[in-house]
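Protein chains in written order, with UniProt numbering: chain U, 1 to 337; chain Z, 1 to 337; chain L, 1 to 337; chain R, 1 to 337.
By construction, these hints were calculated from the structure, which means they are not laboratory data.
One should not assume that every hint holds.
No distinction is drawn between identical chains; accordingly, a pair holds when it is met within one copy or between any pair of copies.
When the alpha-carbon atoms are kept at most 20 Å apart in a straight line, the in silico EDC-like pairs for lysine to aspartate or glutamate are as follows [to be verified]:
| id | residue 1 | residue 2 |
| --- | --- | --- |
| 1 | Lys166 | Asp273 |
| 2 | Lys115 | Asp257 |
| 3 | Lys85 | Asp102 |
| 4 | Lys2 | Glu44 |
| 5 | Lys2 | Asp77 |
| 6 | Lys332 | Glu88 |
| 7 | Lys166 | Asp57 |
| 8 | Lys133 | Asp257 |
| 9 | Lys133 | Glu281 |
| 10 | Lys332 | Glu137 |
| 11 | Lys234 | Glu190 |
| 12 | Lys133 | Asp268 |
| 13 | Lys234 | Asp146 |
Remember, predicted model here, so these are calculated numbers, not experimental data.
Protein chains: 4
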Amino acid sequence: MKKLKFGIIGAGRIGKIHADNLIRHPQAEILAVSDLFAGPELEEWAASRGIAIVTKDSEEILNHPEIDAVFICSSTDTHVPLIKKAAEQGKHIFCEKPLSMDIRQTEEAIEAVSKAGVQLQVGFNRRFDHNFKRVREHVQNGAIGDTHLIKITSRDPGPPPEAYIKVSGGIFMDMMIHDFDMARFLSGSEVEEVYTQGSVLIDPVFGQYGDVDTAIVTLRFANGALGVIDCSRKAAYGYDQRVEVFGSKGSVTAANDFPNTAVLSTEDGIQSDKPLHFFLERYNAAYVDETQQFIDTLLLGKAVSVNGNDGWQAERIARAAKLSMQENRPVKLSELQ
Amino acid sequence: MKKLKFGIIGAGRIGKIHADNLIRHPQAEILAVSDLFAGPELEEWAASRGIAIVTKDSEEILNHPEIDAVFICSSTDTHVPLIKKAAEQGKHIFCEKPLSMDIRQTEEAIEAVSKAGVQLQVGFNRRFDHNFKRVREHVQNGAIGDTHLIKITSRDPGPPPEAYIKVSGGIFMDMMIHDFDMARFLSGSEVEEVYTQGSVLIDPVFGQYGDVDTAIVTLRFANGALGVIDCSRKAAYGYDQRVEVFGSKGSVTAANDFPNTAVLSTEDGIQSDKPLHFFLERYNAAYVDETQQFIDTLLLGKAVSVNGNDGWQAERIARAAKLSMQENRPVKLSELQ
Amino acid sequence: MKKLKFGIIGAGRIGKIHADNLIRHPQAEILAVSDLFAGPELEEWAASRGIAIVTKDSEEILNHPEIDAVFICSSTDTHVPLIKKAAEQGKHIFCEKPLSMDIRQTEEAIEAVSKAGVQLQVGFNRRFDHNFKRVREHVQNGAIGDTHLIKITSRDPGPPPEAYIKVSGGIFMDMMIHDFDMARFLSGSEVEEVYTQGSVLIDPVFGQYGDVDTAIVTLRFANGALGVIDCSRKAAYGYDQRVEVFGSKGSVTAANDFPNTAVLSTEDGIQSDKPLHFFLERYNAAYVDETQQFIDTLLLGKAVSVNGNDGWQAERIARAAKLSMQENRPVKLSELQ
Amino acid sequence: MKKLKFGIIGAGRIGKIHADNLIRHPQAEILAVSDLFAGPELEEWAASRGIAIVTKDSEEILNHPEIDAVFICSSTDTHVPLIKKAAEQGKHIFCEKPLSMDIRQTEEAIEAVSKAGVQLQVGFNRRFDHNFKRVREHVQNGAIGDTHLIKITSRDPGPPPEAYIKVSGGIFMDMMIHDFDMARFLSGSEVEEVYTQGSVLIDPVFGQYGDVDTAIVTLRFANGALGVIDCSRKAAYGYDQRVEVFGSKGSVTAANDFPNTAVLSTEDGIQSDKPLHFFLERYNAAYVDETQQFIDTLLLGKAVSVNGNDGWQAERIARAAKLSMQENRPVKLSELQ
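Looking at chain U on its own, in the form it has when it is part of the complex (with noise of 0.2 Å):
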């Protein structure tokens, strides 16, 4: 049975939640994991999943002859450069959204990645989400017919750290880059044209930084359909991530995650648990299942189904969208070019 050999750049929670997933393969091996803070407590951890190698530097990953492809996980400033040199090394890679905050430099690493003829696979965890893939078989499958909107619901349950706010780079990329893509997924259908109402109504913080906390995209699409995503840093109830689809036959929605089905009904009226708390209870899952398919299809000698060409677009609807709240008004794709 052959075994595909990995190394892990950046081993922050989510470097080590796909490692632990990739484990899971039985065709996977994790020879190395690199990480700039590595010490005693990342030592235990690679010790206990029998990774030989923790280093502070990637260059030992990316120059290791035995290593077959690379998970960057580190901050996203380094994800091109990570990225060129891997596919210089004829690595296949998996890399976490977004690629960059830069398109032009997100274009130099697809095509450093195409050059290299080496697989690059984008970390749109969601297209994995059970919910939201049936969604996109009913649409597919001619369920609906036509589509003519597409709804995307984005809630986090709170929002994050003033330091994070500051290098996030906006909630456009930050946070709705993985709704851009949802849309995309769900339409089969390219954004032409994009609207944004965003406000400050969260937190103050959030205007210093020239960013806002809510906001809302109109989206219209190449085959003619229309969208739109409301999106929020702060729900009280907990993470809300819908979605609906309306076509000419119907329509198709999905409804948030809970952690039980018990419903309490009293005097005071019915009641049940909140959504599942955040992503890494929303998509265990679906963090398990790209991980699982990037290994399938990397055996396979296949492309991968979530490219650099998807980063590349909803990168590009992120900068659109920032765009047309700055100026307020609608902004065309096209303009960006």
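Given chain U's structure and the hints, the job is docking chains Z, L and R onto it.
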């Protein structure tokens, strides 16, 4: 346009509801209303509805030559004598449930009706409920295949006053008689055997009158299906009226009705309002429909859909259920004959 | 017991609905009904309801000395002249939406009403819907904190005939005017700016009249909240009328109403019936309630809860929404003045 | 970090599931696996999980000096002898349900365990289900007041093969034993009396072995509450596992789990997918949790939460339920002693 002339015997809450529903039918007219406690209040009520005759004496209605049909909404002990007299006078009859507390008397009433060739509809209003009708349609059209299990939940928002408990005839005849009829309605089969577990869990006053306030009745139907009804005199969250029919090809359930679909999500969880309060709210439309259908049936000269036999069968099940509880053993309905 | 006397102007479907709901109020009496096409059919209808006068001439109603109030249910172009005349005659007015297609005319009507000191209630029946009322209660009592987002879904089961489309005033004035009022009703704030994306996706006939059949309108409210309405002339599964209000402490949603709660489970999946067919089914009780409340308000000598200003505001939003679509840019309502 | 050493006896489907869940615990290690049919396939499976010993002889595990605890996943008739031997060897025991088909034998096993001072956890995995745990929390924290009614629905997606039916011990011991345990788990009280209605409605093969495929069992608890379990060997729509507890202050229900939340609305109605297919899907996380908790309990030197007494009580209810059906009468559990 032909008009049917009606008399209302017993002008309590339910009598007035039937009267108002009668008036809504363009081919129905109420000529008279009788009540033991008729007085100025009832006269004003009757005047506002254009009802000419208000009397304490039901004979005035029974003997009125122009009246085609009567609604018997007086106390249960008066049902059988009134049915007999109305039948003798050739009047069609709508009678509230139960027909009587005594199966022999019920049989006499049915015989009188049969001999006179008039129609007798029994007030099993739940057969006209939008949810239960839809469940039965699914059963009847074969959507769930052969029926294996019937489950009925029947819980009131609160117990009646002691004065009522005393003369109610007990939980089986007063409250569950509706459920016994529902079991027959949904199964399309007759009950052959019952077993009852009953308890006094809500208020000791029930025990003082040899009654219970909580019961589970298991049913065995002639077609082999099994059934179970759970019943409580008090659900803190309100009126709880649900059914489920399970068969070889699937199941069909009916949930409660609610005053609205609003769902509130906060950090405390997900909340919605309690079900519609009680039978007047839940079965409001069903009361209208049973009256309208009674009139329509008479106008067409057809046989009513819920007749004396339906009343008789439900009463026999009630009697068997009570006997089962008293002797703590399964009771066959054939024992009652 | 004091009785208010009413006249109905325009005896189409909605006029007859209002008439029947009026009759149900013990303190309301209809003296006359007028319709351009009055004939034997209307006379029979009026006779069965005890309405003495049937006429083709609305003047007969407007000049009738005993009539306290009129229902204006004729075509939109007649609303303003009729309101003016009724006001001059000191009659209270219930008028269907929109008051007019022209904001200046609407303003003249409001002025006439104000000068005459009569009441003018506008037929925004959805404010009386059990679901939307409950949503608003939650918003008003602070359950969701400060309002951040308002989302309204508004989809008809099918498009009107071409003859109607031609004179409808377009999707914004004809259909979404209800949603614009709902946005104001739920937010408790005024709309300051709108942006519209519209498309012809259902039937090219809409495009022939400069209209669209699918639209997304983004709203910005004076209190900082954002809103979005998605609208379609045809939902294959029926009338789709849902709202959501999201705020600092949570959200409240209202789902559709259904004809029953029956759920069928088979090897093919879980199935239930479509929502209530269209506005007559969904808003049946709301029509009753708006009429009853109009009567009660007049009897108490109070000001109506949905007045001319509400009509005017909704019409302005509709006009701005249309302009936004035509010029593909956000439009401030202040531009309209 | 202390590690517990485990042996697995019986490497069928459930044995392998427990093994994989054990491996996920950082303080658990499997030293050996035994199976009557051990061969190359099992050896490969064991090798991939780092399990050193593969044997046909369970004695090799029971006598292994380093093994701290065993999982007994072999056929039911071997449970008691294996428990006795394991206890004699001072090993802790996790045993699948039922402990045996014979209450005397079960008692002997429990006595052996008690004498040896080892822990015995019984595989009532449903106690670890997220839904049922939440229901019990509501019951335990008083949210529904005193318990009046307990309702359990237990339906498999399809019957087992005849070969299994023959040796299954019948529906009460094989299938409903889980429900009898659930009844005790939810009520926090002991069952005192049972009454069973059973039928062969799905497949005559059940009747050939003196078994039924459909049953309703009514329960009376020591604390006065009543209960009812309905059970079917075949639900066309899949695995149906729901509970409801009703009390003086309200009720709490748990619905099924579904593979996704997608809802499709078309002109045919509203549709969603069937529940999770069967116990492996529905109770996947529960299997993980029961194993993890078993390990944690042993590490802490505490008593397990589901012990031999729980197995014994459920078996007694199963025996009483069968006797009740055979004799068509209510059976008191005290009769069995």
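Checked hints:
no., hint, in the structure
1, Lys166 / Asp273, "neither (33 Å within a copy, 42 Å between copies)"
2, Lys115 / Asp257, "neither (41 Å within a copy, 47 Å between copies)"
3, Lys85 / Asp102, "within (18 Å within a copy, 65 Å between copies)"
4, Lys2 / Glu44, "between (28 Å within a copy, 15 Å between copies)"
5, Lys2 / Asp77, "neither (34 Å within a copy, 42 Å between copies)"
6, Lys332 / Glu88, "neither (35 Å within a copy, 53 Å between copies)"
7, Lys166 / Asp57, "neither (26 Å within a copy, 64 Å between copies)"
8, Lys133 / Asp257, "both (14 Å within a copy, 17 Å between copies)"
9, Lys133 / Glu281, "both (17 Å within a copy, 18 Å between copies)"
10, Lys332 / Glu137, "neither (29 Å within a copy, 40 Å between copies)"
11, Lys234 / Glu190, "neither (29 Å within a copy, 24 Å between copies)"
12, Lys133 / Asp268, "between (37 Å within a copy, 19 Å between copies)"
13, Lys234 / Asp146, "between (33 Å within a copy, 13 Å between copies)"
The earlier numbered hints that this structure contradicts are 1, 2, 5, 6, 7, 10, 11.
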